[in-house]
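Bring the two chains, given one by one in their own frames, into a single complex with the hints.
Here are the chains, one letter per residue:
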Amino acid sequence: MHPMYGKGLRVLSIATVATMSVGLALVFFYAPLEEEQGFLQKIFYVHVPLAIVSLAGFIVGGLFAIAHLRTRDQRWDMRSYVAIHMSLIFGVGTLITGSIWAKGSWGHWWVWDEPTLVSYLIVFLLYVTYQPLRFAIEDPERQARYASVFAITAGAFVPLNFIAVRLSTAYVHPRVLGSTSNLPGPMALTFLVCLAAIALLYTTLCKYELTAKHARAQVRALRRQLSGERERAPERTRTAAPRLTAPHPSVGGGHS
Amino acid sequence: MSASAGATGTAAGATPRGTELQRAANAPRPQVPVLRTVGALMRKELLVELRTLESVPAMSLFSLTTFVVFHFALNRNVVEGDLAAGILWVTLLFAALLGMNRLFVADADQGGFDAFLLAPVDRSAMMLAKALTLLAYLVVFELVAVPAFGLLLLGPSLGHALPDLIGVLLLGDVGVAAIGTLVGAIAVRTRARDLLGPLLALPLFVPLVIGGARASSPLFGGGHAGAPAARWLLTMGLYDLVFGLIAYALFEFLLED
Numbered sequence: 001m002h003p004m005y006g007k008g009l010r011v012l013s014i015a016t017v018a019t020m021s022v023g024l025a026l027v028f029f030y031a032p033l034e035e036e037q038g039f040l041q042k043i044f045y046v047h048v049p050l051a052i053v054s055l056a057g058f059i060v061g062g063l064f065a066i067a068h069l070r071t072r073d074q075r076w077d078m079r080s081y082v083a084i085h086m087s088l089i090f091g092v093g094t095l096i097t098g099s100i101w102a103k104g105s106w107g108h109w110w111v112w113d114e115p116t117l118v119s120y121l122i123v124f125l126l127y128v129t130y131q132p133l134r135f136a137i138e139d140p141e142r143q144a145r146y147a148s149v150f151a152i153t154a155g156a157f158v159p160l161n162f163i164a165v166r167l168s169t170a171y172v173h174p175r176v177l178g179s180t181s182n183l184p185g186p187m188a189l190t191f192l193v194c195l196a197a198i199a200l201l202y203t204t205l206c207k208y209e210l211t212a213k214h215a216r217a218q219v220r221a222l223r224r225q226l227s228g229e230r231e232r233a234p235e236r237t238r239t240a241a242p243r244l245t246a247p248h249p250s251v252g253g254g255h256s
Numbered sequence: 001m002s003a004s005a006g007a008t009g010t011a012a013g014a015t016p017r018g019t020e021l022q023r024a025a026n027a028p029r030p031q032v033p034v035l036r037t038v039g040a041l042m043r044k045e046l047l048v049e050l051r052t053l054e055s056v057p058a059m060s061l062f063s064l065t066t067f068v069v070f071h072f073a074l075n076r077n078v079v080e081g082d083l084a085a086g087i088l089w090v091t092l093l094f095a096a097l098l099g100m101n102r103l104f105v106a107d108a109d110q111g112g113f114d115a116f117l118l119a120p121v122d123r124s125a126m127m128l129a130k131a132l133t134l135l136a137y138l139v140v141f142e143l144v145a146v147p148a149f150g151l152l153l154l155g156p157s158l159g160h161a162l163p164d165l166i167g168v169l170l171l172g173d174v175g176v177a178a179i180g181t182l183v184g185a186i187a188v189r190t191r192a193r194d195l196l197g198p199l200l201a202l203p204l205f206v207p208l209v210i211g212g213a214r215a216s217s218p219l220f221g222g223g224h225a226g227a228p229a230a231r232w233l234l235t236m237g238l239y240d241l242v243f244g245l246i247a248y249a250l251f252e253f254l255l256e257d
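Residue numbers (my numbering), protein chains in the order written: chain A, 1 to 256; chain H, 1 to 257.
Keep in mind that the hints were calculated from the coordinates and are not lab data. Where a beta carbon is used, it is the ideal one built from N, C-alpha and C, also for glycine. Any given hint could be a false lead.
[Stated by the list, open to error] Output of the computed footprint for chain H on chain A, the stretches with three or more beta carbons under 8 Å from beta carbons of chain H:
1) 122–128
2) 136–148
3) 189–197
Only chain H is shown next, with the shape it has when bound in the complex (with noise of 0.2 Å):
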């Protein structure tokens, strides 16, 4: 793929390594332009994962798994309101640092990293092609996890919660693909990779937990039913443009060996 992409490169392409500074200052960008690369790595992601099945079915899985777990951990049939809210959000959380701890090991294990950096493309792509596949992952898992949770564990109907929801999901989804992506990254080329990358990911979640939580609860009925507050929205927003920025800037720093 990577290949098929280079061919149309330019010289910028082969500048040495080491030399960033001096090719963004002389501009003479790669010639492939970043949206194809990034359809390019894109397609090549889920077409991976449309022939391994390797990570969301992994996800819906894990999410179905732990509400069973919670039901017999808090010995509840039906939650709502905080409890609700909070459960959704651990099982997403957990469900998320599955797929990112996947997400990279197919290209640091078989030269994936390698036959990338030998393309005349910008590296940044990369982080963008994973940080949506990552969201796809997340979006697909969440239709089957949500309704799951709503026939499992929900005590008011899901129905009229859905339209907020969505939206709230979304806003989470946002952020955990890019520290996610960016984590993924990091966490796969260290020695205790599926050790490091949660402990690494989880405190930086939190915000998006509290956001999130704090969204859907009113959602769910609870003591204070009705829309979700600005502010969380706001939080989550705030979060997912931070950390999307910072993702992406850095991103290429991780790519250079």
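Next up, chain A with everything else stripped away, as it sits in the complex (with noise of 0.2 Å):
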């Protein structure tokens, strides 16, 4: 009767194992070493594509937002939510990763001349106050809605931000390694599978977290159904996550 949130998530999560394993075949085994940073280049093949993943993620918590915004469909918001939630996360790992290769190649930390890296900080920057700005929210419907006019600010604003960011740079460094197209042939391939791989990554584990949310919000309208009708959830506490109120929907945020 309910919606089966699972489904699809083993095809999904054997078809991330064995794309990543093959990426990470190929990052070792196939794509030759550079020239210039040797073995120390391979962790662009993990960089990169989450960078790339990530904010495709938040352009796409974005449009889930409008999605809800138009429907008031609270699923959207959740879908929204989780997109920009596992971006964060990747995005954690972006920074994590792109410092390590600058220290390695720039004997730095971190460098303000390399535009892409400026500009991912500042959209990360963007994107942090999400969940602080949700959790700021009490009544669930207005979080819903002001987290997806955030959402949708915030995706517009990563393309302008790119924009800026490159252009104050842009004349004073060219960039080398800017697109796949000056990659060579093995690099560029063993590159797509890693992208590949990271963007089937994002997609399971966003499965998984709106799986578990709806398996959640179910558990608890069953229990509320066992503890009797017209009880109200006592362990409604305050959440910066949305609130599914599935099969039994509770009227408009009337408990706060």
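Here is the structure:
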């Protein structure tokens, strides 16, 4: 009767593990060593896909937020939340791998003259406020609405910010490793496989989180049913995560 | 104010909430023209500001104090070029945050939002009115802050930089007003309103700082004096356009309860 959120999760997980294994094998055994940086350059195959996937996740979160504001379906808000949440986690990974790479190749943990790095940090700093924003609004319906407004604004901010930061340094530092177009064949192939692997990982983790959130909402609803229809759920504490009122829609935020 | 605007409304204004889409489809728009609503709201805002003198004097004083702080923090008597542009833009943005934080406080605390929602007027009118109000605050405040900057810190004379600088500042102000209005409206209905507003707004302002500071740096002497490069003005213009439209489109979703 209830939609099965776990559907396809197994296939997705297996595909993720397989692609990641192939990707790692390609990174270590197939892709040639880069001339200048040597082995260190391998981190590129993790760092850049993490960055691309998390940025795409931020934008997808904004698209889901548009769907939420159009349909007022709280499941879209949940998707938007999960997409942004997961992108933030991937974002931490991006910044850490980026720092390691910078330390290894330039000798500093952080460099300001790499526009992509800097714009990524700005985007990250913006999205870090997403959870505090949600947490600061108690009414669940308003929380979802405001979070969606934020997600759309921030989603539009991502490309614009990259343009601005890129402009601010583009004429100083020509980029060497800008896109896949100037990568040699084996490297480009490895990169694309790794990108697919990280994208699959992102999708799988998002799906796991969605499934868990929905399962928890259903358990809560069942428990409420068992302990008597009329009783309000006692464990409703304030949270930054969207609240699903799956089978028993409660009266919009009337509890507060 | 809202009540007087509401008096001429039609039955369209009585449509229950949550049917915006239907209302948009049927298109019996509220009868009060948007411009009149904006005008009335702005008149109210400016009147309140004139009577309480809350935001603009605070912003101006804040900028003066910040210039003094910069003088001691940097241990410089005069600044020019990049440094001057940076100080000016950081000060302007922080002062704008003050104005942004106060922009909706009266509406949230004293029922201004409720009264506005009861009126049969287009909800986006409030966004336009608030953004124009913030823009007016910024312009008036800059009339104090920029000459004070020229007097206190700036090495090269302000005079011949002024025509270009006014254009750059206006481009920045429009963007700050659009984002400031949207973020101010979000932040005011959260628990930690004074905390969250700057946190949300500052990263969003970064492209404006980049554009504004780089565009005004050559105006303040520095290594490569001359006119501001067109690409910074374009960046700022693009920012203003995109976020102006976004703020306008999203604002009404903040006003539903």
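Query - Three-residue Cβ test at 8 Å for the coverage of the segment 136–148 of chain A by chain H - result: holds (count 9)
Report task. Given that the segment 189–197 of chain A was listed as covered by chain H, double-check it with a C-beta distance under 8 Å for 3 or more residues. Result -> violated (count 0)
Query raised in the report: For the segment 122–128 of chain A, does the count of residues with a C-beta closer than 8 Å to a C-beta of chain H reach 3?
Result: It holds, with 4 qualifying residues against the three required.
In this structure, the one hint that does not hold is number 3.
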